[in-house]
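**Q** Sequences listed follow chains A and B, in order. Sequential numbering of the first sequence, starting at 282, is according to this note's numbering. Sequential numbering of the second sequence, starting at 612, is according to this note's numbering.
Hints are computed from structural coordinates only; laboratory data are not their basis. Values in this document were obtained by computation on a predicted structure and should not be read as measured data. Any given hint could turn out to be false.
Listed next, the in silico DSS-like pairs over lysine-lysine satisfying Cα-Cα at most 25 Å (straight line) [stated by the list, open to error]:
{"hint": "1", "chain 1": "B", "residue 1": "K937", "chain 2": "A", "residue 2": "K604"}
{"hint": "2", "chain 1": "A", "residue 1": "K429", "chain 2": "B", "residue 2": "K937"}
{"hint": "3", "chain 1": "A", "residue 1": "K429", "chain 2": "B", "residue 2": "K944"}
{"hint": "4", "chain 1": "A", "residue 1": "K529", "chain 2": "B", "residue 2": "K944"}
{"hint": "5", "chain 1": "A", "residue 1": "K604", "chain 2": "B", "residue 2": "K734"}
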Amino acid sequence: MNVDINKYSCPLPVMDHDTVQLAHGSGGKLSADLIANFFLPRFGNPLLDRLDDQAVLALPPGRLAFTTDSFVVDPIFFPGGDIGDLAINGTVNDISMCGARPLYLSVAFIIEEGLPFADLHRILLAMEAAADKAGVAVVTGDTKVVNKGSCDKVFINTSGIGLLPDNIQISSTNLQSGDRIILSGSIADHGMAIMTSREGLSFQTRIRSDTAALNSLVDCMLQASTEIHAMRDPTRGGAAASLNEWAKSSQIGIVIDEETIPVHPQVRGACEILGIDPLNVANEGKLLAAVPADSAQSVLEAMQKHPYGKEAVIIGEVVADHKGMVAMNTSLGAARIVDMPLGEQLPRIC
Amino acid sequence: MKYLDEYRTPWIARHILTEINNNVTRPWVIMEVCGGQTHAILKHGIDQLLPNKIELVHGPGCPVCVTPLELLDKAIAIAARPEVTFCSYGDMLRVPGSDHDLFKVKSTGGDLRIIYSPLEAVKIAREHPDRQVVFFAVGFETTAPGNGMTILQAEKEGLHNFSVLSSHVLVPPAIRALLSLPDNRVQGYLAPGHVCTVMGWQDYEAIARRFKVPIVPTGFEPMDILEGILMVVKQLEQGRYEVQNQYRRSVKREGNIPAQEIINTVFEVADRNWRGIGPIPASGLRIRQKFADFDAERKFPVSSIYPREPEICISGQVLQGLKKPKECTAFGKECTPEHPLGATMVSNEGACAAYYKYNMARVGRI
Ligand code: SF4
């Protein structure tokens with residue numbers, strides 16, 4: 282997401298050092314300074330401010346969704362966002378994909394000694410903005426500092442819980458023949474933003490990560506229909522991985538149409554040059570949904586009214602044929618398999 | 612950089628397909644030499660759209676696939692040495708050697724780094740003067756200038772802890788060798804666009820004349836490939852055999868002269884073994900004696916390598932365009948991208964991997 286630093290123009294707190302030292306994670310005075318000067322001003326709320334070792338939450342009865350994710354990304358700052366945005370949005374999205382409303386997060390940092398305080402501050406500002414925007418509270422946290430070389434700048438783990446309304450059954454085992462597959466917008470933006478900044482490729486327009494919290498989009502979708510069968514945010518492995526997991530878990534086939542899948546021009550260009558299939562590239566602000574045919578149109582229209590779903594489109598459907606596999610009609614009019622990506626996407630060598 | 616969608620617009624594709632249909636009167640066998648083209652053909656389903664009279668066979672243009680087994684075994688032996696930091700492109704790590712692959716070396720404690728560009732390896736050598744940094748430089752003429760640059764750069768900086776294990780092969784001698792096979796069926800060629808961007812197409816003119824085959828340097832986008840096929844078909848139907856350039860936006864007849872100069876400074880032409888195909892005279896590049904200090908093969912002599920290929924694998928015939936991956940009994944059964952038996956199942960440019968990945972036969976259609 283796009284953080285307007287000026288809006289959150291909190292000055293960098295003054296510390297004795299310019300960079301994080303091992304002692305800042307020792308639990309002593311320097312740790313207390315770090316928490317008081319950096320973390321509390323950003324995430325402060327009555328639950329966190331007590332600085333107990335745990336948050337005590339009063340929750341209404343019903344089902345809870347609980348998830349955790351660790352964020353390691355190089356570079357930590359990239360066009361369109363940074364590791365802080367990812368850490369908040371990623372966990373918010375993981376909770377949202379079952380239809381739950383995310384409420385509370387924990388945040389744990391593992392910081393490499395020597396990380397400039399300015400960088401930490403920038404990450405925390407982004408996390409504050411992302412949490413505000415998603416309407417979630419950070420209620421507990423932890424910080425460790427490790428020796429230089431023991432981690433790469435900063436790793437962040439976030440966990441989160443959300444409330445799941447009773448009438449909702451969303452699961453990757455629920456897809457049924459005839460369901461429409463809806464995609465909320467263009468694919469491959471995040472992965473190619475990272476890859477092009479890493480490879481030092483320059484394009485006329487910079488590719489920006491799509492990192493965004495999707496809980497409000499999911500709200501709109503569930504208002505349109507509670508009959509949604511499955512939802513996924515196609516992060517690592519991209520849309521190809523999510524669709525293949527669905528096909529396997531629900532033992533159905535999926536057919537998608539290449540021509541309907543939005544890929545921004547500069548992203549497509551970068552994929553071509555690096556020899557990478559956009560379907561295999563990570564997204565951080567997109568979702569896929571499988572919706573019964575009779576409610577697909579109303580869900581789609583609800584999505585298109587939301588800022589994160591403007592480009593939403595039906596890209597295919599669930600079939601009884603070729604169970605466990607995903608096929609695609611290519612834009613040239615042929616058909617091919619869309620396979621589960623094998624591992625990390627590597628640029629081609631020739 | 613430019614948006615490449617104009618090279619895949621469906622209506623242009625349909626137009627070229629109609630043209631191909633209108634021109635074909637007899638059956639023709641055409642080989643796309645480069646694995647990148649094979650990949651694009653399967654990925655976009657171009658093979659399904661062509662008239663039945665045109666058969667595409669897939670060529671040896673996959674550098675990972677043709678890297679000889681003994682060199683891979685050597686790489687594995689060098690990478691396992693305690694003083695060595697071994698730098699390689701990701702694809703090479705999964706290619707099966709006689710006993711195991713480079714990944715195994717990594718998981719048993721070898722210092723292996725996956726790199727994305729050749730100069731990264733030089734950087735590692737600069738930053739770790741206490742380590743012997745070896746760069747596994749694999750490729751055709753396309754990657755030779757960049758890989759050659761690493762040696763020039765290391766020499767300039769006096770980085771004597773840097774060396775290159777070089778496995779460079781040349782396309783024209785391979786095309787000659789395939790055309791000289793007694794069971795050759797190929798009547799026209801799509802030459803690899805990237806290779807021709809570096810080397811130009813003069814070398815192909817003699818081949819076209821001698822073997823009376825049309826050769827068309829062709830790009831990698833669906834439109835490029837379809838236009839290349841159309842150019843070959845028109846020549847075949849008219850009885851012409853010329854080198855005709857499809858990849859005009861990138862290839863010039865003389866190629867990229869500064870890039871060729873780097874190649875000539877660092878490398879010399881040598882005989883080379885191709886995995887699956889065998890020895891082809893004057894078909895590879897060897898590091899010149901002048902740069903022996905930077906040649907990992909000379910620096911780390913490895914003895915007693917007895918390469919063994921799995922008997923069931925027919926990748927040699929696949930690479931020569933004699934058989935299709937589907938004709939291999941292990942295809943999709945014992946041999947998958949997760950458990951490859953041959954190199955052609957590993958690399959993205961390998962024909963077996965491309966068939967496994969994209970061809971609808973696996974879901975019971977076609
Ligand atoms: S499918 Fe596997 S075993 Fe068969 S030829 Fe290809 S690489 Fe070799």
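**Q** Each hint: holds or not?
**A** Each hint, compared with the structure:
1. Proximity of K937/B to K604/A is assessed by CA-CA distance (about 21 Å); at most 25 Å being required, the pair is judged to hold.
2. This hinted pair does not check out: K429/A and K937/B have alpha carbons roughly 51 Å apart, beyond 25 Å.
3. Distance hint between K429/A and K944/B is unfulfilled; the C-alpha atoms sit about 46 Å from each other, more than 25 Å.
4. Using a Cα cut-off of 25 Å, the hinted pair K529/A and K944/B holds, with the two alpha carbons roughly 19 Å apart.
5. A hinted pair counts as satisfied when its Cα atoms are at most 25 Å apart, and K604/A with K734/B does not qualify at roughly 48 Å.
Comparing the model with each numbered hint stated earlier shows that hints 2, 3, 5 do not hold.
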